[in-house]
Amino acid sequence: RAAARKVADQQAAALQAQQQRQREDAQMLNAYPDEAAFSAAKNAELDNFEQAARTTRINLQGQEKALADLLARAGDLERAKQPVPKTLNDRIAEQRTTVSNLRATLQRQMAAKEAARASTDSQLRHYRELKAADAANRP
121 RAAARKVADQ
131 QAAALQAQQQ
141 RQREDAQMLN
151 AYPDEAAFSA
161 AKNAELDNFE
171 QAARTTRINL
181 QGQEKALADL
191 LARAGDLERA
201 KQPVPKTLND
211 RIAEQRTTVS
221 NLRATLQRQM
231 AAKEAARAST
241 DSQLRHYREL
251 KAADAANRP
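Residue numbers (my numbering): 121 to 259.
There are no misleading hints in this set.
With a straight-line cut-off of 16 angstroms between C-alpha atoms, the simulated EDC-like cross-links for lysine to aspartate or glutamate are: (1) K251 - E144; (2) K162 - E234; (3) K251 - D145; (4) K185 - E214; (5) K251 - D154; (6) K233 - E170; (7) K233 - E165; (8) K233 - D167; (9) K251 - E155; (10) K162 - D241.
Just so you know, these hints were derived from the structure itself, not from any lab.
All chains should be modelled from the sequences, with the hints used to inform the complete structure.
Encoded structure:
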């Protein structure tokens, strides 16, 4: 009895997933009347990823320059045989952390962009399959 209920639950879940996929497919076909519209929307999504990465790159460049300036100031003090103040060392450490975090953010953004690109390629193949099936079903 429990096994039969488990099988019935699994079948119901599979049917529900299939129905959800059919609804999503119908929405995709309605939202994108042709491949050009589909591609334009997906390219806009990829552009959003690229814009975020571009902003992070610009911010990273500024932060790297600030770190270089702090390091130069510390180097000047050391060459002049003067101690580097604790506040300057603390600012250098903070700036290194900021630069490191921005580099990690940029890597995550680029990975997300590549994942989105792969997903877009897969979605495009699926869209083409749906359009072909839709065309075959129309008289």
